[in-house]
Amino acid sequence: MGKPRPYQRYTVRDKGKTVHGGITTDFERRKQEHKQEHPKSIVRKVGG
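Each residue of the sequence shown is one higher than the one before, starting from 1412 at the first, in this note's numbering.
What the hints contain is simulated information worked out from the structure, not anything from laboratory work. Possibly wrong hints are sitting among the right ones.
Unchecked claim - Here are the simulated lysine-lysine pairs, BS3-like style, with alpha carbons at most 25 Å apart:
1) K1451 - K1426
2) K1414 - K1446
3) K1456 - K1442
4) K1414 - K1451
5) K1456 - K1446
6) K1414 - K1428
7) K1428 - K1442
8) K1414 - K1426
9) K1451 - K1428
10) K1426 - K1456
11) K1428 - K1446
Claimed, not checked - Label-pair distances were calculated between CB atoms; the ranges are:
12) V1430 - G1458: 30 to 40 Å
13) K1428 - K1456: 30 to 40 Å
14) P1450 - K1414: 35 to 45 Å
15) E1439 - K1414: 34 to 44 Å
16) K1451 - R1420: 14 to 24 Å
For every residue, glycine included, the Cβ atom is placed at its ideal position computed from N, Cα and C.
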């Protein structure tokens, strides 16, 4: 098992397509930022 990383990878999907992927150290904050711009989007963590 690898050592925990201080960042989280995520994807943003809208209308069934991935519209953005990124890395953040504050997933909940970044999720809210994307939701403001794309209210119907789905923001998910990628990996562990």
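Cross-check of the supplied hints:
no.	hint	in the structure
1	K1451 - K1426	holds (8 Å)
2	K1414 - K1446	violated (30 Å)
3	K1456 - K1442	holds (10 Å)
4	K1414 - K1451	violated (34 Å)
5	K1456 - K1446	holds (14 Å)
6	K1414 - K1428	violated (31 Å)
7	K1428 - K1442	holds (17 Å)
8	K1414 - K1426	violated (35 Å)
9	K1451 - K1428	holds (12 Å)
10	K1426 - K1456	holds (18 Å)
11	K1428 - K1446	holds (15 Å)
12	V1430 - G1458: 30 to 40 Å	violated (19 Å)
13	K1428 - K1456: 30 to 40 Å	violated (18 Å)
14	P1450 - K1414: 35 to 45 Å	holds (36 Å)
15	E1439 - K1414: 34 to 44 Å	violated (22 Å)
16	K1451 - R1420: 14 to 24 Å	holds (22 Å)
Taken one by one, the earlier hints fail for this structure at numbers 2, 4, 6, 8, 12, 13 and 15, listed in ascending order.
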